[in-house]
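K.L.:
Next come the chains, spelled out residue by residue.
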Amino acid sequence: MGKSEPYNLTRGAKIRIGLLILALIFPFFPFVSDYLLHIVILIFLYMILALGLNIVPGFNGLLDLGYVGFYGIGAYTSGLLTYHFGLSYWIIIPLAFINGAIWGMLLGAPTLRLTGDYFAIVTFGFSELVVLFLTNEIWLTRGPLGLPGIDVVSIDLTLFGGPKWEFIGELPYYYLAIVMVLVTVFVMYRIQDSRLGRAWFAIRDDEVAAVSCGINLLAYKVIAFAISAAFGAVGGSFFARWVTFLSPDMFKFWESFLILCMIVLGGMGNIWGVMIGAVILVSMSEILRELLPLLGLPVEVRFLAFGLIMVLMMRFRPAGMMPIAAVAAQMRAGRTKRKKTKPVVAIKK
Amino acid sequence: MTPILEIKQLYKSFGGLEALKDISFNIDSGEIIGLIGPNGAGKTTLFNCVAGIEKPTAGRIIFTKEDRTVSIGGKKPEAVTALGIARTFQNIRLFDNLTVLDNVKIGRHCRTKSLFFGAVIRSKSQRTEEKMIAESAGRFLEFVGLKGRGDEIASSMPYGDQRRLEIARALATEPRLLMLDEPAAGMNPQESRDLMDLMRRIRDNGITVLLIEHDMKVVMGVCERVVVINHGEWLAEGLPQDVQNNPKVIEAYLGTGAANAA
Chain A
88 MGKSEPYNLT
98 RGAKIRIGLL
108 ILALIFPFFP
118 FVSDYLLHIV
128 ILIFLYMILA
138 LGLNIVPGFN
148 GLLDLGYVGF
158 YGIGAYTSGL
168 LTYHFGLSYW
178 IIIPLAFING
188 AIWGMLLGAP
198 TLRLTGDYFA
208 IVTFGFSELV
218 VLFLTNEIWL
228 TRGPLGLPGI
238 DVVSIDLTLF
248 GGPKWEFIGE
258 LPYYYLAIVM
268 VLVTVFVMYR
278 IQDSRLGRAW
288 FAIRDDEVAA
298 VSCGINLLAY
308 KVIAFAISAA
318 FGAVGGSFFA
328 RWVTFLSPDM
338 FKFWESFLIL
348 CMIVLGGMGN
358 IWGVMIGAVI
368 LVSMSEILRE
378 LLPLLGLPVE
388 VRFLAFGLIM
398 VLMMRFRPAG
408 MMPIAAVAAQ
418 MRAGRTKRKK
428 TKPVVAIKK
Chain B
4 MTPILEIKQL
14 YKSFGGLEAL
24 KDISFNIDSG
34 EIIGLIGPNG
44 AGKTTLFNCV
54 AGIEKPTAGR
64 IIFTKEDRTV
74 SIGGKKPEAV
84 TALGIARTFQ
94 NIRLFDNLTV
104 LDNVKIGRHC
114 RTKSLFFGAV
124 IRSKSQRTEE
134 KMIAESAGRF
144 LEFVGLKGRG
154 DEIASSMPYG
164 DQRRLEIARA
174 LATEPRLLML
184 DEPAAGMNPQ
194 ESRDLMDLMR
204 RIRDNGITVL
214 LIEHDMKVVM
224 GVCERVVVIN
234 HGEWLAEGLP
244 QDVQNNPKVI
254 EAYLGTGAAN
264 AA
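Which chain is which? The protein sequence lines are A and B, in order.
Residues in the first sequence are numbered consecutively from 88, following this note's numbering.
Residues in the second sequence are numbered consecutively from 4, following this note's numbering.
None of these hints come from the bench; they were simulated from the model.
Errors might be hidden in some of the hints.
Between beta-carbon pairs, the in silico distance windows are [what the hints assert, rightly or not]:
no.: 1; chain 1: A; residue 1: Tyr262; chain 2: B; residue 2: Lys68; range: 38 to 46 Å
no.: 2; chain 1: A; residue 1: Met397; chain 2: B; residue 2: Asp207; range: 52 to 60 Å
no.: 3; chain 1: B; residue 1: Phe17; chain 2: A; residue 2: Asp280; range: 37 to 45 Å
no.: 4; chain 1: B; residue 1: Asn191; chain 2: A; residue 2: Ala306; range: 35 to 43 Å
no.: 5; chain 1: B; residue 1: Lys68; chain 2: A; residue 2: Asp280; range: 29 to 37 Å
no.: 6; chain 1: B; residue 1: Gly18; chain 2: A; residue 2: Ala306; range: 52 to 60 Å
no.: 7; chain 1: A; residue 1: Asp280; chain 2: B; residue 2: Asn191; range: 34 to 42 Å
no.: 8; chain 1: A; residue 1: Ala196; chain 2: B; residue 2: Lys220; range: 45 to 53 Å
no.: 9; chain 1: B; residue 1: Ser16; chain 2: A; residue 2: Val398; range: 43 to 51 Å
These stretches of chain B come out as covered by chain A in the derived footprint (C-beta under 8 Å, 3 or more residues) [to be verified]:
no.: 10; segment: 8-15
no.: 11; segment: 63-70
no.: 12; segment: 79-91
Even glycine gets a Cβ: it sits at the ideal position worked out from N, Cα and C.
My request is simple: use the sequences and hints to build the entire structure.
P.N.:
Here it is, written out as structure tokens:
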């Protein structure tokens with residue numbers, strides 16, 4: 088691995104490097120407007136969220152319908168810490184990560200004994216609870232009035248006699264988002280290929296066999312849920328400092344559903360698939376937002392379109408566009424043998 | 004010989020159904036012992052009680068580990084595995100979406116310890132641990148005769164190989180006692196012979212083997228002692244040929260009258 092020369096890159100590595108270079112020079116193409124850049128940042132944000140959520144349904148096979156709750160917690164953590172204490176974003180990131188993980192554990196530890204649908208309902212209830220809390224605890228969150236005027240991200244070197252550079256416009260956020268996506272992908276790849284990741288995959292594929300290998304189901308599910316929540320919270324912390332305004336209705340159930348759609352569409356458990364799912368659904372959401380009013384339809388109709396996509400995916404490609412390797416192999420085998428294979432990665436009932 | 008596992012007056016009932024009634028027997032260290040009985044006799048329930056998946060209604064299961072005795076009735080399955088009892092399943096339970104090597108690596112779980120930060124940072128200790136996991140997993144694959152097949156997807160392997168992979172995964176947990184639940188089911192005669200050879204090699208490595216099996220050729224060929232249970236009750240125990248000729252056993256398998264005829 089260390090000996091590989093730049094000429095001997097695999098096709099996959101070439102594609103990855105190519106995409107990264109494209110992403111880095113993308114803002115300098117003449118046709119790129121601020122609006123387009125905004126949408127691409129949104130795509131990156133949803134990549135982080137989808138990768139974070141992917142841990143629970145994709146790696147562990149548990150249905151999580153309340154991911155947006157952690158996104159909201161992260162956003163308000165970031166917003167309030169900035170608002171009241173003027174904390175730097177670089178300090179807020181780890182704090183948001185820890186806060187997300189704490190809430191993930193608090194919710195996960197008592198509820199992860201539940202199986203399948205029951206657990207999904209609990210997570211759904213939790214995210215609604217977060218929205219109610221943000222709406223009603225006016226002393227803390229200003230309720231439906233929202234939290235305006237959150238400081239932008241800045242790199243402050245005045246302590247060391249350097250300059251202070253504030254993130255103005257979309258461009259600096261664009262690069263910050265790229266870095267955050269890269270870190271998230273890096274972490275996901277490392278986990279995927281580790282003892283922790285293997286324990287999760289074992290839980291996903293067969294809980295009884297996993298236990299027989301000495302895996303403590305509850306502990307590993309709680310770890311999964313906490314790390315997933317932590318990434319959601321980091322995504323939220325970025326969102327708060329980027330749009331500089333928060334209100335409780337940004338964290339409605341629809342967001343959870345949208346992120347879950349990305350995972351199912353892209354391929355549950357597949358890091359690349361999940362990111363592609365984010366690209367497709369965020370861009371489609373934006374296109375429909377423009378298109379639907381022209382057709383005389385309210386913009387909310389786009390959720391109907393997402394629902395339709397889910398139904399079609401379940402019917403024709405239940406493992407997603409880029410299924411995890413084993414599923415893909417089985418699907419190929421099934422095709423050659425003219426035999427119908429059952430979807431292997433399915434949410435546990 | 005010292006017993007590695009003592010089962011004392013074990014009872015297990017599911018509602019009104021008494022799956023196990025007053026079962027007592029010992030498993031000696033270093034033997035291959037067969038557990039047989041007609042369908043529904045309670046063999047798998049007994050396995051599940053020992054493995055911690057089912058909680059016995061009454062009775063004690065005592066495991067001896069390095070001169071220390073531990074009661075495992077009602078312990079959690081992951082704790083039982085950590086103690087040194089591994090098992091395979093009647094209907095193969097592999098991690099279908101993972102490679103053969105990863106399946107065995109997961110077996111190493113209870114003997115290793117790195118977690119989230121180790122995985123992300125890839126500290127030196129985590130890297131050495133990961134290397135050791137890969138090496139030992141490779142060794143276990145070689146032991147069961149699946150060398151060089153590590154990259155295949157578990158669910159795409161032939162049936163007999165899946166059985167052997169399951170044994171490799173169980174061995175990877177470094178058990179003192181290995182419980183095999185009908186490992187020869189669905190195997191052809193050649194595969195059964197290979198399996199018997201494998202069981203003997205496992206025993207020669209100092210691992211006690213408890214075997215549930217319907218294939219009498221395998222049971223008679225490999226077991227040093229056999230315990231028979233029927234309707235959840237202890238029926239007979241002894242050398243394979245003695246058990247085979249025991250009228251009570253013949254009756255349990257073939258029905259009343261058959262014993263008299265024989």
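K.L.:
Against each hint, give a clear statement of whether it holds in the structure.
P.N.:
Each hint tested on the structure:
1. A:Tyr262 with B:Lys68: 38 to 46 Å: Once the Cβ atoms are compared, 57 Å apart, the range 38 to 46 Å for lysine 68 of chain B and tyrosine 262 of chain A is violated.
2. A:Met397 with B:Asp207: 52 to 60 Å: For methionine 397 of chain A and aspartate 207 of chain B the Cβ distance comes to about 55 Å; the hint holds.
3. B:Phe17 with A:Asp280: 37 to 45 Å: holds (41 Å)
4. B:Asn191 with A:Ala306: 35 to 43 Å: holds (42 Å)
5. B:Lys68 with A:Asp280: 29 to 37 Å: holds (33 Å)
6. B:Gly18 with A:Ala306: 52 to 60 Å: Given range 52 to 60 Å: violated, Cβ gap about 31 Å.
7. A:Asp280 with B:Asn191: 34 to 42 Å: holds (37 Å)
8. A:Ala196 with B:Lys220: 45 to 53 Å: holds (50 Å)
9. B:Ser16 with A:Val398: 43 to 51 Å: holds (46 Å)
10. 8-15: It is violated: at least three residues are needed, and the segment 8-15 of chain B offers just 0 whose Cβ sits closer than 8 Å to chain A.
11. 63-70: That given contact is violated, which follows from only 0 residues of the segment 63-70 of chain B lying within Cβ reach (below 8 Å) of chain A.
12. 79-91: Holds, because 7 residues of the segment 79-91 of chain B bring their Cβ atoms closer than 8 Å to Cβ atoms of chain A.
When held up to the earlier numbered hints, the structure conflicts with 1, 6, 10, 11 and fits the remainder.
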